[in-house]
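By numbering that gives the first Met the number 0, the letter at position 108 of the sequence shown is numbered 107, and the numbering carries on one by one without gaps.
Read the hints as simulated data drawn from the structure, not as lab findings.
Just to be clear, a hint being listed does not mean it is correct.
To be verified - Pairs of lysine-lysine residues, derived as PhoX-like cross-links and limited to a Cα-Cα distance of at most 25 Å, are as follows:
1. K450 / K463
2. K410 / K386
3. K433 / K545
4. K476 / K450
5. K463 / K476
6. K433 / K410
7. K545 / K410
8. K450 / K410
9. K545 / K476
10. K225 / K433
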Amino acid sequence: MSTSTTGTGTITLGSALTGFQTFDGAGVTNGQTVRYVIEDGDNFEIGSGAYTTSGTTLARGATESSNSDNAISLSGSATVFIAAVAADIFTNDGSRSLTTTGVITGGTVEATADTSAGDNAAMGHTSAEGLILTGQGSTNDVTIKNDADADVLEIPTGTTNVTVAGNLGVGGTVTATGTSVFATLDISGDVDVDGTLESDAITLNGTAVTATATLNTGISNNNVPKFTSGVADNDFLRVDGTAIEGRSAAEVLSDIGGQASLTFGISNTNAVKIDSASVADDEYARFTAAGLESRATSEVLSDIGAAPAAGSSNVVTTGALNSGSITSGFGTIDTGSSTITTTGVITGGTLEATTDTSAGDNAAIGYTDAEGLILTGQGSTSDITLKNDADAVVFTVPTGTDDILFPDNAKAMFGAGSDLQIFHDGSNSFIRDKGTGLLVIDTDGTAIDLKTSSSTEYMARFVKDGAVSLYYDNAVKLATASAGVTVTGTLTATAIAGSGAALTGGVLFANVTDVLEVGYTGSVHDNGTKSSGTLTPDEADGNFQKAVNGGAHTLAPPAVGTNEATVVSILYTNNASAGAVTISGFTKTAGVFSTTNAHEFIVRLEAINDGSTTFSFCTIEALQ
0 MSTSTTGTGT ITLGSALTGF QTFDGAGVTN GQTVRYVIED GDNFEIGSGA
50 YTTSGTTLAR GATESSNSDN AISLSGSATV FIAAVAADIF TNDGSRSLTT
100 TGVITGGTVE ATADTSAGDN AAMGHTSAEG LILTGQGSTN DVTIKNDADA
150 DVLEIPTGTT NVTVAGNLGV GGTVTATGTS VFATLDISGD VDVDGTLESD
200 AITLNGTAVT ATATLNTGIS NNNVPKFTSG VADNDFLRVD GTAIEGRSAA
250 EVLSDIGGQA SLTFGISNTN AVKIDSASVA DDEYARFTAA GLESRATSEV
300 LSDIGAAPAA GSSNVVTTGA LNSGSITSGF GTIDTGSSTI TTTGVITGGT
350 LEATTDTSAG DNAAIGYTDA EGLILTGQGS TSDITLKNDA DAVVFTVPTG
400 TDDILFPDNA KAMFGAGSDL QIFHDGSNSF IRDKGTGLLV IDTDGTAIDL
450 KTSSSTEYMA RFVKDGAVSL YYDNAVKLAT ASAGVTVTGT LTATAIAGSG
500 AALTGGVLFA NVTDVLEVGY TGSVHDNGTK SSGTLTPDEA DGNFQKAVNG
550 GAHTLAPPAV GTNEATVVSI LYTNNASAGA VTISGFTKTA GVFSTTNAHE
600 FIVRLEAIND GSTTFSFCTI EALQ
């Protein structure tokens with residue numbers, strides 16, 4: 000923005016420079032501090048200052064300047080920009096921190112270093128401890144909340160206690176060496192208490208248990224079974240009606256129809272006995288003809304033809320694992336230099352590539368420090384094919400090339416609003432600018448050439464600090480020069496407006512064999528308000544026309560004669576009664592109208608006849 004402020008004090012901002020926005024337009028709010036750059040001739044100043052919408056002022060706090068890093072004295076014709084310097088930009092070289100008041104969103108946040116006692120709330124990592132969460136708060140060091148912003152788990156400040164706000168569901172075993180405090184403890188499995196269980200209250204199936212409670216006895220649900228008389232030491236227990244009675248070994252044998260003396264051996268209904276005097280703890284059992292013998296780990300490995308893993312006693316199979324599954328909690332699988340091959344799908348949280356790929360690799364994902372993530376493809380038609388979720392091809396890398404091939408109507412789009420689009424529709428190729436700014440072809444070279452695909456013929460050439468040349472059959476026919484325009488050949492026109500006093504040399508004429516017809520007028524023809532019917536612009540009314548959209552009507556192409564062409568531009572303005580404009584009779588159309596009151600549009604109409612067929616084009620550009 001411009002400023003007429005002089006001196007070293009607060010800046011009063013003026014208007015936005017051409018092609019730029021005001022601070023308000025760029026989204027700067029009242030009181031917000033921004034990084035600014037001031038340019039005043041050969042002097043500059045970089046700093047931070049608070050922006051005030053009232054009076055549109057900017058405070059100055061110079062950090063770098065041409066005045067020994069102090070505020071420069073403004074001349075009254077300086078310009079002010081919002082910018083960022085290198086120190087403000089986060090880099091991934093490990094030398095700078097990333098600080099933000101917003102939200103960091105990403106697929107994976109990776110911690111690579113440990114935390115310390117002096118850290119504020121932090122996430123760290125060590126190879127021994129894994130992921131580390133370090134908290135620092137006045138009430139809780141760490142608080143874990145659910146998606147309703149309700150507390151789930153708290154670690155009170157300065158303690159090693161864990162407070163659970165809701166229910167704690169435990170499917171397995173909970174081992175605690177200290178004190179655990181829970182609002183509610185819900186255990187789906189068994190509770191094994193080796194010490195004293197102290198509770199303010201205990202309920203059984205919803206019924207409170209007290210010291211004076213009367214127990215229901217008997218063989219029924221929720222009752223306490225009681226013994227009959229005659230239960231003796233070493234007896235077995237048998238349900239007898241509503242009680243339990245004692246049974247001796249002989250009585251049990253009689254009850255079950257068993258035998259007192261067992262028959263041993265590897266046969267049906269026999270008992271199996273130990274057939275080895277050297278049975279030891281942690282050994283494995285193997286059948287013999289007479290019973291079971293013990294086998295050490297090394298003996299089992301030898302028996303099944305396997306070998307232990309290097310440096311451990313784990314069993315490593317030398318064949319294929321053809322059945323079963325590896326379930327959650329199995330631990331790390333390390334295949335060393337071996338390859339994992341599957342015809343199924345590999346699914347996981349993060350697939351990490353750690354080595355480079357090579358030319359001999361089939362479709363692979365690799366990584367190097369220099370190149371980052373590498374995708375290597377190998378196919379009969381395409382090395383790499385990228386598809387969307389509808390299984391439609393987005394682009395391919397044809398086999399044996401370093402080209403990227405987009406299919407018809409697949410657009411390469413650039414900009415937050417997809418403003419720049421490059422695509423081929425099956426018949427024609429397009430570079431389409433759908434944004435509100437300019438389409439700029441910028442080059443640091445000496446020239447821009449429009450040539451045939453074989454580069455043997457020029458069609459147009461744009462030279463830096465030089466001529467713009469238009470060619471016919473590889474010969475320059477029109478070129479700009481410092482003094483004007485040079486036409487090589489004959490310029491034929493039906494008429495030339497003006498005095499002609501500046502025309503020197505040569506002959507400007509029209510003949511009957513080669514006719515250049517120029518339909519041009521500097522005045523704007525008014526087609527009035529269209530609320531019905533059809534507007535068919537007449538080239539005789541001039542190239543520049545206007546019309547008011549006052550209701551639903553039709554826009555048709557201008558008439559053109561055989562081997563003739565015409566171009567008409569119409570400024571369309573909507574009034575409060577604007578209706579839908581139907582585009583009819585054109586070969587190609589681009590853009591759309593709206594019916595919003597006061598909206599304006601530039602409509603470019605082109606019609607060309609090649610001697611047998613008329614082609615017409617309608618392009619609509621909204622001005623808001």
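Quiz item: Hints broken by the structure, by number, lowest first?
Solution: Per hint list: 7, 9 and 10 violated.
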